[in-house]
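Produce the complete structure using the sequences and hints provided.
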Amino acid sequence: MILRKIFLPVILIILAYGFWISPDFKEISAGVAIFLFGMLSLEEGFKAFSGGVLERILKKSTDSTTKSIGFGVLATTVMQSSSLVSVLTISFLGAGLIGLAQGIGIVFGANIGTTTGAWLVAGFGLKVKISAYAMPMLVFGVILIFQKSKSLKGVGYILAGLGFLFLGIHYMKDGFEAFKDTIDLASFGGTGLKYLFIFTGIGIFATVVMQSSHATLVLIITALSVGQISYENALALAIGANVGTTITAIIGAMSSNIVGKRLAGAHLIFNVTTGLIAIIFMGQIMYSVDIVSAFVGISADDWTLKLAVFHTIFNIIGVVVMIPFINKLVVFLESTLKDTKDIGDKNIEHTKYLNDSVLELPGTSMAAIIRETKHLYENAFEIISHGLNIKRSNILSSMDLKDVIKEQYSNNSVDIDDFYNRKIKGIYGEIIDFSTKAQSEMTPEYIQELYKIKLANRDIVEAVKDTKHLQKNMIKYSISSNEYIKEQYNNIRIDLAELLRNIDILSKTTQEDEIILLLSKVKLHAQKYDIIANGTLDNLIRNSLITNEMATSLMNDSTYAFDISKNLIAMSEIIFIDRSGDINNLGNDMIMDDDDIDSILKKDN
Amino acid sequence: MGIAKFIESVKETLGLYEFKKSSKKKSVKNLLKKLNSKKDKITKLIKKDKKQKELQEELDIVNLQIKKGEKILAKLVTNK
Chain E
1 MILRKIFLPV ILIILAYGFW ISPDFKEISA GVAIFLFGML SLEEGFKAFS
51 GGVLERILKK STDSTTKSIG FGVLATTVMQ SSSLVSVLTI SFLGAGLIGL
101 AQGIGIVFGA NIGTTTGAWL VAGFGLKVKI SAYAMPMLVF GVILIFQKSK
151 SLKGVGYILA GLGFLFLGIH YMKDGFEAFK DTIDLASFGG TGLKYLFIFT
201 GIGIFATVVM QSSHATLVLI ITALSVGQIS YENALALAIG ANVGTTITAI
251 IGAMSSNIVG KRLAGAHLIF NVTTGLIAII FMGQIMYSVD IVSAFVGISA
301 DDWTLKLAVF HTIFNIIGVV VMIPFINKLV VFLESTLKDT KDIGDKNIEH
351 TKYLNDSVLE LPGTSMAAII RETKHLYENA FEIISHGLNI KRSNILSSMD
401 LKDVIKEQYS NNSVDIDDFY NRKIKGIYGE IIDFSTKAQS EMTPEYIQEL
451 YKIKLANRDI VEAVKDTKHL QKNMIKYSIS SNEYIKEQYN NIRIDLAELL
501 RNIDILSKTT QEDEIILLLS KVKLHAQKYD IIANGTLDNL IRNSLITNEM
551 ATSLMNDSTY AFDISKNLIA MSEIIFIDRS GDINNLGNDM IMDDDDIDSI
601 LKKDN
Chain X
1 MGIAKFIESV KETLGLYEFK KSSKKKSVKN LLKKLNSKKD KITKLIKKDK
51 KQKELQEELD IVNLQIKKGE KILAKLVTNK
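Keeping their order, the protein sequence lines are chains E and X.
Just so you know, our numbering puts 504 at position 504 of the first sequence, and the rest follows in order with no gaps.
Just so you know, our numbering puts 79 at position 79 of the second sequence, and the rest follows in order with no gaps.
Calculated directly from the structure, the hints in this document are not laboratory data.
Accuracy of the hints is not assured; some may be wrong.
What the hints assert, rightly or not - Each pair of labels, with its calculated beta carbon distance range:
#1 Leu76/X x Ile316/E: 49 to 59 Å
#2 Gln448/E x Leu76/X: 17 to 27 Å
#3 Leu76/X x Ile323/E: 41 to 51 Å
What the hints assert, rightly or not - Here are the computed lysine to any residue pairs in the SDA-like style, where the Cα-Cα straight-line distance is at most 20 Å:
#4 Lys41/X x Gln511/E
#5 Lys39/X x Thr509/E
#6 Lys374/E x Lys465/E
#7 Lys24/X x Asp589/E
#8 Lys75/X x Asp593/E
#9 Lys53/X x Asn534/E
#10 Lys39/X x Glu514/E
#11 Lys33/X x Ile577/E
#12 Lys29/X x Ile591/E
#13 Lys603/E x Lys67/X
#14 Lys528/E x Asp596/E
#15 Lys53/X x Asp596/E
#16 Lys603/E x Leu64/X
#17 Lys60/E x Ile370/E
Unchecked claim - Some, not all, of what chain E presents toward chain X, calculated at C-beta under 8 Å:
#18 Ile516
#19 Asp589
#20 Met590
By construction, the Cβ of each residue, glycine as well, lies at the ideal position given by its N, Cα and C atoms.
Listed below in structure tokens is the structure:
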């Protein structure tokens with residue numbers, strides 16, 4: 001912090017002094033500033049599309065490490081910002097949508113993707129008068145930024161971003177060309193190991209100051225194009241830029257959550273290793289650059305394009321070398337960087353997937369909230385099954401339900417209040433708190449969806465609370481000497497165990513006909529086995545098979561059981577239906593309503 | 001013309017509203033196909049006399065869902 005306080009004024013003073021003594025330096029710096037502003041604008045533009053499209057693509061393209069690397073390459077090539085790809089990756093990791101291995105894969109891919117920037121600038125930016133494209137882009141971009149539509153605004157930011165990038169490159173190029181007439185920077189350079197380390201250090205420093213390896217690289221390429229630095233020194237600077245960008249990532253990760261820190265750790269290890277490889281094998285890599293350049297038709301003195309080739313080759317080598325170690329890297333990072341939430345109060349469970357880094361991305365926050373709701377349900381499942389004195393593993397097995405209730409979880413009653421305080425209350429509170437924060441970034445459609453998810457959370461909590469009420473008499477009567485009351489309470493246990501089993505199957509299946517069937521079945525059974533509605537209770541009272549006290553308890557408890565079923569079914573309809581599938585597309589049209597249930601029940605009678 | 005109106009007219013010209021309707025139609029058709037094959041499967045099992053009561057209940061549900069689906073499809077076709 002103190003270092004930062006000193007660092008900023010020093011940089012500002014150096015810049016001010018530089019502007020005072022050299023107008024060319026001012027032009028180059030202005031070029032860098034405009035370029036960086038362009039990158040910010042570009043990131044803002046792509047964020048506008050992160051409400052769904054980006055998330056969907058990311059989700060589908062990262063189910064394996066190879067795909068993740070491919071996604072990293074492609075996304076960074078398109079968006080020309082590895083930092084935006086990193087932000088998205090941290091969000092997805094935080095939301096639990098991808099694992100750390102996939103996240104690392106994306107970061108590796110982003111390192112290759114970012115090399116396309118060098119190709120664009122060296123191959124296109126310096127050979128065409130790109131400032132001619134910049135002006136119309138800026139005009140169209142700014143007009144679109146002022147539009148109300150989110151998509152148009154996004155396109156506007158992207159256009160303006162590209163415009164500023166081009167303009168920035170133009171100023172940098174002009175500045176270096178003019179600079180050449182006054183000072184020959186190349187005279188400060190040299191060859192050999194000493195200069196290799198010096199220029200790598202300068203590359204690191206420049207990237208830390210500019211907070212962008214992309215900007216450093218463009219600066220290197222423009223300086224190289226006008227001969228202000230030598231080819232060898234430019235290569236060392238490029239290595240430095242690669243290492244320097246991880247320092248930016250680490251500074252960013254300091255305020256991030258644990259997944260962000262782990263990913264920054266992976267980034268650092270990867271880039272430092274790649275940098276070391278490049279330094280150690282500099283001669284060999286330079287030789288391979290010459291071969292590749294000759295092969296693709298790049299002339300021997302086209303230093304800027306050769307720099308782009310070098311940048312790509314050394315990043316690809318890094319990825320190839322590191323791929324076999326991804327899983328070891330995951331284990332290392334997870335054991336070294338531990339979640340502070342876990343270190344705190346070990347008895348109280350916290351949310352697993354919610355973190356503030358995803359708040360800006362509505363689609364991702366929604367996915368994180370759904371995941372967390374499923375986590376809350378898993379805990380509720382544990383409490384409900386223990387409240388019914390049934391083993392969870394038996395419910396999840398294919399064991400006959402009559403046998404399931406025979407095997408008891410414990411001889412003593414489970415303290416549901418304690419379970420609730422440890423495994424439900426905290427998570428539920430955090431979900432609601434996070435949802436409220438996420439809502440401020442969401443469109444009305446998302447807010448409507450979020451409202452349903454909040455209801456699902458409430459349903460889970462209600463089901464747990466009802467289990468607590470149900471438990472009191474459950475233990476007493478399920479071992480009663482009165483066979484009738486015992487049978488009724490055991491039936492309640494069977495019905496709820498069946499419901500939990502069906503919800504479990506429902507949560508795992510992707511077959512939509514199966515989902516519809518299961519949802520309908522659980523709804524039907526909740527009504528069918530409601531002993532107040534089906535006349536069982538009346539029959540028991542009328543024939544004096546149970547005492548009045550038993551009848552009152554049974555009536556209350558069957559209501560609790562019915563409410564548990566109702567709440568859990570309502571929750572399943574919201575949480576366990578695939579949001580991209582056909583059922584979701586049809587809304588509630590295919591879900592069974594009360595009239596449908598009545599028609600089947602009438603048929604049964 | 002305001003930008004919102006412009007977008008609306010573009011949507012109309014490109015038939016994007018129709019697209020939404022046809023994708024709903026496609027979804028119903030997909031589901032009906034799956035439900036019908038499920039129905040055939042259950043009917044075959046009933047004939048083999050396995051877990052009669054449970055299977056009959058499943059068949060009732062599937063029949064009801066097919067009816068519901070056909071109703072939605074008919075509505076979508078007539079509204080075209």
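Status of each hint after checking the structure:
no., hint, result
1, Leu76/X x Ile316/E: 49 to 59 Å, "52 Å, holds"
2, Gln448/E x Leu76/X: 17 to 27 Å, "23 Å, holds"
3, Leu76/X x Ile323/E: 41 to 51 Å, "50 Å, holds"
4, Lys41/X x Gln511/E, "15 Å, holds"
5, Lys39/X x Thr509/E, "18 Å, holds"
6, Lys374/E x Lys465/E, "18 Å, holds"
7, Lys24/X x Asp589/E, "11 Å, holds"
8, Lys75/X x Asp593/E, "19 Å, holds"
9, Lys53/X x Asn534/E, "18 Å, holds"
10, Lys39/X x Glu514/E, "11 Å, holds"
11, Lys33/X x Ile577/E, "19 Å, holds"
12, Lys29/X x Ile591/E, "16 Å, holds"
13, Lys603/E x Lys67/X, "16 Å, holds"
14, Lys528/E x Asp596/E, "13 Å, holds"
15, Lys53/X x Asp596/E, "19 Å, holds"
16, Lys603/E x Leu64/X, "12 Å, holds"
17, Lys60/E x Ile370/E, "17 Å, holds"
18, Ile516, "6 Å, holds"
19, Asp589, "5 Å, holds"
20, Met590, "6 Å, holds"
The structure is consistent with each of the numbered hints, conforming to all of them.
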